[in-house]
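All chains, please: the whole structure from these sequences, using the hints.
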Amino acid sequence: MTDMPHQYSIKELEQRANDIRMDIIKMLEQAGSGHSAGPLGLADIFTALYFHSLKHDPKNPDWDGRDILILSNGHCVPVRYATMAHAGYFPKAELLTLRKFGSRLQGHPERLRLPGMETTSGPLGSGLSQATGMALALKMDDVRNRWVYVITSDGELDEGNSWEAVMLAAKYNPGNLIAIVDRNNIQIDGPTESVMPLESLKAKWEAFGWFALNINGNDIEAIISAVEMAKAVTEKPVVIIAHTIPGKGVDFMEKDFHWHGKPPGHEEAMKALKELRTLQGKIRSEHQ
Amino acid sequence: MPEMHFKHDWSEKDSLRKGFGMGLLEAGKRNKNVVALCADLTESTQMHLFAEEFPERFVQVGVAEQNLVTVAAGMAAMGKIPFVSSYAAFSPGRNWEQIRTTIALNDRPVKIIGSHAGVSVGPDGATHQMLEDIPLMRALPNMVVIAPCDSVEAQKATLAMAADKRPNYMRLAREATPVFTSPHTPFEIGKGYVFRAGTDVTIVATGTMTYQALETAKLLAHKYISVEVVHISTIKPLDEEVILNSAAKTRHVITAEEAQIAGGLGGAVAELLGEKLPTSMARVGVKDHFGESGEPDELIKYFGLDAEAIAKVAQKLLTDHTNHKH
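Note that the protein sequences, when read in sequence, are chains A and B.
Adding 6 to a residue's 1-based position in the first sequence gives its number in the numbering used here.
Adding 19 to a residue's 1-based position in the second sequence gives its number in the numbering used here.
There could be a bad hint or two in this list.
Here are the simulated DSBU-like cross-link-like pairs (lysine-lysine), alpha carbons at most 30 Å apart as the crow flies [claimed, not checked]:
(1) B/37 <-> A/177
(2) B/51 <-> A/177
(3) A/61 <-> B/184
(4) A/65 <-> A/17
For each label pair, taking beta carbons as the anchor points, the in silico distance ranges come out as [to be verified]:
(5) A/99 <-> B/202: 53 to 63 Å
(6) A/201 <-> B/281: 35 to 45 Å
(7) A/150 <-> B/59: 26 to 36 Å
(8) A/181 <-> B/309: 43 to 53 Å
Everything labelled a hint here was simulated from the structure, so no lab data went into it.
Glycine included, every Cβ here is placed at the ideal spot set by N, Cα and C.
See the structure below:
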């Protein structure tokens with residue numbers, strides 16, 4: 007058991023996030039169903055967590071010194087699968103089994119099927135409570151230096167269960183809990199602010215007793231820095247409101263809620279992969 | 020038939036919830052990983068005994084049943100054995116999906132205590148008289164469903180749940196009911212017991228209705244009808260053998276539960292006998308109806324859940340079946 011063995015440069019992490027995006031496109035195209043926008047938008051956060059911030063061991067997923075990562079918005083799990091494969095939890099070839107019969111990579115994550123998955127999620131609004139329960143249990147046992155991270159979506163905050171957990175975490179302040187809200191402003195039926203307005207989101211969390219940070223959730227350096235800051239804040243639980251671009255990296259998917267819940271077809275996947283290879287036309291060669 | 024070691028005197032009354040409270044306190048003393056969570060009904064569900072003894076292992080979540088079970092799922096993930104209590108109408112009534120996903124599908128050993136089940140809740144009325152919890156929980160893969168018959172058995176069941184690795188649901192009643200089992204009466208999760216041997220008709224009963232079934236047997240003994248009472252404290256997994264053996268002997272089976280007859284114990288027994296040993300059957304329970312305010316005894320009578328009512332069902336079943344054969 008060990009921490010991550012070495013430090014990656016920001017440039018390396020950015021390249022990794024881009025590779026993960028390409029795998030997400032391939033997975034979704036092969037699966038023929040699933041969610042595109044959220045996983046692409048979350049690639050930088052997952053890369054920063056798995057390749058920098060998290061204490062974990064891909065060869066020993068149940069290591070009892072590991073940090074815990076809960077993905078509450080389970081529909082975004084393709085990004086987690088892709089990142090876990092990159093980190094060495096399982097062979098990348100398995101990524102193309104996503105959503106297929108017999109696969110460990112279920113449409114929504116199941117703990118009992120894939121080591122390292124931590125919990126089963128999909129129905130929204132219960133990840134923050136589970137993470138709070140985990141954090142409280144660690145505190146009861148006086149375990150230090152283990153952190154519980156929970157990623158929730160913004161649309162998921164429509165769920166009352168989320169705010170029940172927000173209140174409980176503030177009440178007990180376990181001191182080892184970091185929430186990250188994927189603030190991408192879309193949900194299935196449209197923009198979050200037209201489906202069910204969430205603003206002022208930061209003020210809401212603060213009013214509920216949390217320390218809240220707004221960051222650019224597609225800036226790996228900012229993500230790493232926010233996590234470090236969250237660990238330094240002890241008086242309150244910390245939420246990082248990570249503003250991400252849904253569909254990030256693929257021009258025709260970015261900021262379009264129609265891509266929330268559907269996969270690319272073959273032609274669209276080819277186009278998306280070309281964009282990701284060339285970083286949206288910013289570089290010339292398609293064969294870096 | 021093994022000795023059941025019942026108490027000699029059945030006049031003492033105590034509530035199932037009280038038995039749970041005592042059991043939880045004892046479980047907490049035996050195992051430091053036992054923790055308790057409550058949704059603002061600590062004393063009412065008798066969890067206060069634990070909360071006062073182990074405040075550092077007690078979590079008060081407020082009136083938030085969805086949070087209650089999901090926080091518990093998280094604590095179970097870190098090696099805790101969480102007991103969560105509320106009224107059955109709210110937990111599992113309100114938080115069923117959270118239980119399904121984060122406890123049953125996730126296979127976490129959370130112990131869900133639904134107090135105030137059945138019409139014997141009394142004056143609070145239909146909103147608080149949970150009658151649908153057995154089918155709700157029985158339908159979930161991985162879930163164990165327990166309904167003890169008296170305070171002493173509720174205490175034993177609580178200790179057994181603390182040692183069980185599966186997700187468990189236990190249904191409790193509010194009202195004090197006769198205590199007839201003793202600390203020596205056998206109890207094991209998953210086992211049904213013949214509480215009284217008989218030859219003419221079997222009453223398969225669960226929870227508070229087991230006492231009514233035993234009273235029914237006494238009433239019918241005066242009419243030369245021999246009743247076998249099978250107590251099912253674990254509705255899921257069901258002890259098929261004890262039911263099939265009794266049904267093979269008496270050929271007449273009545274089920275009794277203080278719950279909807281649809282999908283509960285009656286449903287489970289009908290499924291079993293329908294597939295393996297078709298038997299003349301009748302189900303006693305609340306028949307597609309909500310409860311209402313009233314005194315517990317009054318409501319038990321009104322809904323036909325008392326010994327006299329069960330005796331009539333038994334006599335009718337025996338008569339109808341006999342006529343049918345001729």
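Looking only at beta-carbon atoms, does the pair residue 181 of chain A, residue 309 of chain B fall within the given range of 43 to 53 Å?
Holds - the Cβ-Cβ distance for residue 181 of chain A and residue 309 of chain B, about 46 Å, lies within 43 to 53 Å.
Given the hinted pair residue 65 of chain A and residue 17 of chain A, is their alpha-carbon gap at most 30 Å?
With a Cα-Cα distance of about 26 Å, the restraint between residue 65 of chain A and residue 17 of chain A holds, given a limit of 30 Å.
Given the hint that residue 37 of chain B pairs with residue 177 of chain A, test it: the Cα-Cα distance must not exceed 30 Å.
It holds: about 29 Å lies between the C-alpha atoms, which stays within 30 Å.
Pair hint residue 51 of chain B and residue 177 of chain A, alpha-carbon separation not exceeding 30 Å
holds (23 Å)
For the pair residue 150 of chain A and residue 59 of chain B, does the Cβ-Cβ distance stay inside 26 to 36 Å?
Because 31 Å falls inside the window, the suggested range holds.
A range of 53 to 63 Å was offered for this pair. Does it hold for the Cβ distance of residue 99 of chain A and residue 202 of chain B?
For residue 202 of chain B against residue 99 of chain A, whose Cβ atoms are near 59 Å apart, the range 53 to 63 Å holds.
Does the alpha-carbon distance linking residue 61 of chain A and residue 184 of chain B stay inside the 30 Å limit?
Since the Cα atoms of residue 61 of chain A and residue 184 of chain B sit roughly 28 Å apart, the hinted pair holds (cutoff 30 Å).
CB of residue 201 of chain A to CB of residue 281 of chain B, is that within 35 to 45 Å?
At roughly 37 Å between Cβ atoms, residue 281 of chain B and residue 201 of chain A fall inside 35 to 45 Å, so the hint holds.
In this structure, none of the earlier numbered hints is contradicted; all agree with it.
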